[in-house]
Amino acid sequence: MTLSPISLSSSYTTTISQPHHCSLFNTTTSTTATSLNLKFCSLKPEPFAFTSLRHRSHHNHPFRRTHFNAISSALSNNGTAPKSFDYDLLIIGAGVGGHGAALHAVEKGLKTAVVEGDVVGGTCVNRGCVPSKALLAVSGRMRELRNDHHLKSLGIQVSNAGYDRQAVADHANNLASKIRGNLTNSMKALGVDILTGFGTILGPQKVKIGSSNNIVTAKDIIIATGSVPFVPKGIEVDGKTVITSDHALKLETVPDWIAIVGSGYIGLEFSDVYTALGSEVTFVEALDQLMPGFDPEISKLAQRVLINPRNIDYHTGVFASKITPARVGKPVLIELIDAKTKEQKDTLEVDAALIATGRAPFTQGLGLENIDVTTQRGFVPVDERMRVIDANGSLVPHLYCIGDANGKMMLAHAASAQGISVVEQVTGRDHVLNHLSIPAACFTHPEISMVGLTEPQAREKGEKEGFDVSVAKTSFKANTKALAENEGEGLAKLIYRPDNGEILGVHIFGLHAADLIHEASNAIALGTRIQDIKFAVHAHPTLSEVLDELFKSAKVKAQASDQVKEPVAV
Amino acid sequence: MSQLLQTPFLSSTTVLRLKSTSLRRTTTNNLIVRAKIREIFMPALSSTMTEGKIVSWIKSEGDKLSKGDSVVVVESDKADMDVETFYDGILAAIVVEEGGVAAVGSPIAFLAENEEDIELAKSKALSSSSSSSSSSSTPAPAPAPAIPVESSQPKKAAENVVAAAVSVVSKHPASEGGKRVIASPYAKKLAKELKVELGQIVGTGPLGRIVAKDVEAFAATGGSSGSVVEAAAEPVKTVAELGSVVPFTTMQNAVSRNMVESLAVPTFRVGYTITTDALDALYKKIKSKGVTMTALLAKATALALAKHPVINSSCRDGKSFTYNSSINIAVAVAIDGGLITPVLQDADKVDVYSLSRKWKELVDKARAKQLQPNEYTTGTFTLSNLGMFGVDRFDAILPPGTGAIMAVGTSQPTVVATKDGRIGTKNQMQVNVTADHRVIYGSDLALFLQTLSQIIEDPKDLTF
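In order, the protein sequence lines correspond to chains A and B. Quick note: the first sequence uses my numbering, first residue 1, plus one each step. Quick note: the second sequence uses my numbering, first residue 1, plus one each step.
It should be emphasised that the hints constitute simulated quantities derived from the structure, not laboratory data. It is possible that part of the hints are untrue.
[As the list claims (entries may be wrong)] Covered stretches of chain A (chain B as the covering partner; in silico rule of three or more C-beta atoms under 8 Å from a C-beta of chain B):
{"hint": "1", "region": "135–149"}
{"hint": "2", "region": "277–284"}
[Said to hold, decoys possible] Okay, the calculated beta carbon distance ranges per label pair:
{"hint": "3", "chain 1": "A", "residue 1": "Asn522", "chain 2": "B", "residue 2": "Ser66", "range": "45 to 51 Å"}
{"hint": "4", "chain 1": "A", "residue 1": "Ala161", "chain 2": "B", "residue 2": "Lys349", "range": "21 to 27 Å"}
{"hint": "5", "chain 1": "A", "residue 1": "Ser153", "chain 2": "B", "residue 2": "Asn374", "range": "53 to 59 Å"}
{"hint": "6", "chain 1": "B", "residue 1": "Phe86", "chain 2": "A", "residue 2": "Thr347", "range": "31 to 37 Å"}
{"hint": "7", "chain 1": "B", "residue 1": "Asp461", "chain 2": "A", "residue 2": "Ala189", "range": "53 to 59 Å"}
{"hint": "8", "chain 1": "B", "residue 1": "Lys192", "chain 2": "A", "residue 2": "Ala560", "range": "52 to 58 Å"}
{"hint": "9", "chain 1": "B", "residue 1": "Ser326", "chain 2": "A", "residue 2": "Lys340", "range": "58 to 64 Å"}
{"hint": "10", "chain 1": "B", "residue 1": "Asn374", "chain 2": "A", "residue 2": "Arg141", "range": "50 to 56 Å"}
{"hint": "11", "chain 1": "B", "residue 1": "Asn258", "chain 2": "A", "residue 2": "Pro292", "range": "57 to 63 Å"}
{"hint": "12", "chain 1": "B", "residue 1": "Gly100", "chain 2": "A", "residue 2": "Thr347", "range": "26 to 32 Å"}
{"hint": "13", "chain 1": "B", "residue 1": "Leu447", "chain 2": "A", "residue 2": "Ser153", "range": "34 to 40 Å"}
{"hint": "14", "chain 1": "A", "residue 1": "Ala560", "chain 2": "B", "residue 2": "Lys195", "range": "33 to 39 Å"}
{"hint": "15", "chain 1": "B", "residue 1": "Thr273", "chain 2": "A", "residue 2": "Gly162", "range": "23 to 29 Å"}
{"hint": "16", "chain 1": "A", "residue 1": "Asn147", "chain 2": "B", "residue 2": "Val255", "range": "41 to 47 Å"}
Beta carbons: idealized from backbone N, C-alpha and C, even for Gly.
Throw the hints in and build the complete structure from the sequences for me.
Structure follows, in structure tokens:
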């Protein structure tokens, strides 16, 4: 997950600081741009009393006019733009981001097409989240069935749990095809045209499909071309013994000993799969500790549960400077150098190596040079509304970029949310996505999930902006449902402002953490404060009570607002 | 995660020391003597915690502590916790360094009440750490290390010795002529748990790497396989000068006595070939949970003995059967210059995971020469396994006081003809039981071995 800071162009900074615009967040009036813009969020007018107020403030807002003026003037200056268009909206890339945008566009009445040069579904469905969940479903069950202690304590007897590698691989592959089919059908059924071929931008509002001379015009264009596995130089991927997640998901082999380069989400999930299937794993991590992206306390606990008791060892603070695939009679060789001094440190000899060092944007051949856009490390530069910024720092009219290709937050559901946000904008309603309300999850056993800031980030922000930060924690050991499952290992952590009850971040490690996070992410998205949400009722006994406990254990000075005006009698 | 522990983890040091050191301060009444040096113990942070790891020392030696200060961060099986002191004083000496592991209740540091007592506390710390280090396999520990720097010297020497041995032992083709040790993550973990030096182990995994089973096999023999397999590595350990006469050690004397005594027992032998494919598969599946082959074999034997109590009996007076009430499997372990038989008690009743843990504990204790008599004299049936060296069959001598001993050979792929006239390969191992014919007869042994082979060939009962 990369959460790159979004830079605001100077013309907007003044409006941000107007307190009523972000009334839900009741921010201190500091305008230190980079972090504040993330909170600059407009919300769907849902069940809140102050919605109308917010709406009005929007309409009266001077900035809104400037926004559209800017674009129309840009348009009129551009003589080459066609007058009538084949489509209202053209989306390049039919991954989860493009799909989400297309569906929402149809709902908004736009004539929509998606361009896909590979397969519908993109990375997530074909080479990412979806097939990996199939493998993780298997690994979770294998863990349960082989955990005699755990089964015995539940009174269950199982003998000789085993697995058939090919059948497991087929399950992952079948799941991917099924979801791909669902995605394709859902778009076709709604009347979204799927244009096959790589899309190349020829000029404003003009895209060439594939190598033919099929040129399509559209009023607005969204780039949603996603990413590919990032392979650092010096590493030779042969697809058999040195592999990326693309190959690993096919599960063609289960090596005795596999090195995983990178201990982020992808590496961690694969370590869960491989160790459950009987492999031994060696992590190679460039930073000084494993799981660097997570809240430190969560990663410490996760390491105790997900790494230490398993057949995993690790090297931290080292780069894999050279990886050579196995040749006849020779193992995979991994040369490690110190991440700081660059000195040669060690050489690993393993059966396979999985490169999980992150993902690189897939933006080559998009024709960005035709519209004077320069990528940054391959990423398409965008503003907080996903509008593409050209080499001179000005906005490219009618062109947006969502998902991994812009690198703001490389998660499938973030791409989809960004796509929906763009559709909202092109259909006349301003919308800025609050990225701090987007949850993330790692589907190990047990799972890890998070939303918002980590504790160090929150403390840094608090220091800078002058507010106190408090932390509340609850353990899964205190949860009835978790104990019934004999899965008491886990922690939920809430980072909040004790003065006004704002939720800054929630981190969960434990059974079904990925499903539990949404109560917190929704609260952040809707601006619900702890003093209010703690009165919400949770069914008993459920894992959701972990969050209930968490909210109740927070000590907030602010009083609850009167949410229900009229009591409802039963 | 700071947490004030409600249980006191500091206690005054021994009464013995009170007498010797504190007298100068107390004038009249010994009963009001106050301890001036306190041990800081590894606290029990949870009900299941047996040992803890020192994550970091918050205070360093020489720091003044006041009651309530966090002194050390301890990692238990569940969490990291700051541990606070309940006493004022000076942190005089740290016994267990960061990253070190200590059993609950063992001292991890010494707290002196005032500056005068620091030296005393330091010397206590030294004696405590040297007594714990003498349990390691350091060849010739300096008799009384005066300062810590010196005491680390023999360890260095030991490392050099090990490194020298590695160059001979390791057969890994890509390990730069044996300069590096290639071991899988689980093998490394096991080696640490079993306190085995990886450099002494010959790897049998892919391309000669050390895998978990190599470590287990090595540990099961008490860490002597290196010396047996590679004679060249042996001399560095205990060099016997050629042409000299070396008297028996106490243990070797005991072995000699028992061997002569065994001649008074009329023994006979029955062998059996057992197919181990299913056992091997089971072992592969559960070895990640720390189950060892030794524990599996002991468990299988114990289950078979439960059905044939006579094999578990013995003849004490030449006139009667003594039927033993429990099934205690003794397993022969070679240790430096000798042989000992740690006992897995009630092996038929204890589950295989606990047996494995118990076995590790016994082997550690045996190597540290800390076995209590009831941990090596109470066997009712003995196992001797030389299979890890590739021995396919051998003959064991019956230890006096027991009825039978089983010699276990290696399990190896064997070409077998099946009943339907086909030829296939199966993993087979040969076992050979030596028994006292005064109480155990040929047919008894035959039936026992038949049961044992059924259990091993269908091992699902072993894990429950």
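Verification of the supplied hints:
1. Restraint check on the region 135–149 of chain A versus chain B: 3 residues with Cβ-Cβ distances below 8 Å, three needed, restraint holds.
2. Coverage of a stretch by a chain is defined here by at least three residues with a beta carbon nearer than 8 Å to that chain's beta carbons; for the region 277–284 of chain A and chain B the count is 4, and the condition holds.
3. Remark: the range hint 45 to 51 Å for Asn522 (chain A) to Ser66 (chain B) is upheld by a beta-carbon distance near 47 Å.
4. Roughly 25 Å separates the CB atoms of Ala161 (chain A) and Lys349 (chain B), a value that falls within the hinted 21 to 27 Å.
5. For Ser153 (chain A) and Asn374 (chain B), the hinted distance range of 53 to 59 Å is not satisfied, since their beta carbons lie about 30 Å from each other.
6. A hinted range of 31 to 37 Å is violated for the C-beta pair Phe86 (chain B) and Thr347 (chain A), which are about 50 Å apart.
7. The supplied range of 53 to 59 Å is met by Asp461 (chain B) and Ala189 (chain A), whose beta-carbon atoms lie about 56 Å from each other.
8. A C-beta distance of roughly 53 Å is found between Lys192 (chain B) and Ala560 (chain A), which places it inside the suggested range of 52 to 58 Å.
9. A hinted range of 58 to 64 Å holds for the C-beta pair Ser326 (chain B) and Lys340 (chain A), which are about 59 Å apart.
10. About 43 Å separates the C-beta atoms of Asn374 (chain B) and Arg141 (chain A), a value inconsistent with the hinted range of 50 to 56 Å.
11. In this structure, Asn258 (chain B) and Pro292 (chain A) meet the distance hint of 57 to 63 Å, their C-beta atoms being roughly 59 Å apart.
12. A hinted range of 26 to 32 Å holds for the C-beta pair Gly100 (chain B) and Thr347 (chain A), which are about 29 Å apart.
13. For Leu447 (chain B) paired with Ser153 (chain A), a C-beta distance near 36 Å keeps the hint of 34 to 40 Å intact.
14. Restraint check, Ala560 (chain A) to Lys195 (chain B): a C-beta distance of roughly 58 Å breaks the suggested window 33 to 39 Å.
15. A hinted range of 23 to 29 Å holds for the C-beta pair Thr273 (chain B) and Gly162 (chain A), which are about 26 Å apart.
16. With their beta carbons about 42 Å apart, Asn147 (chain A) and Val255 (chain B) fall inside the hinted range of 41 to 47 Å.
Consistency with the previously given hints fails for numbers 5, 6, 10, 14, ordered from lowest to highest.
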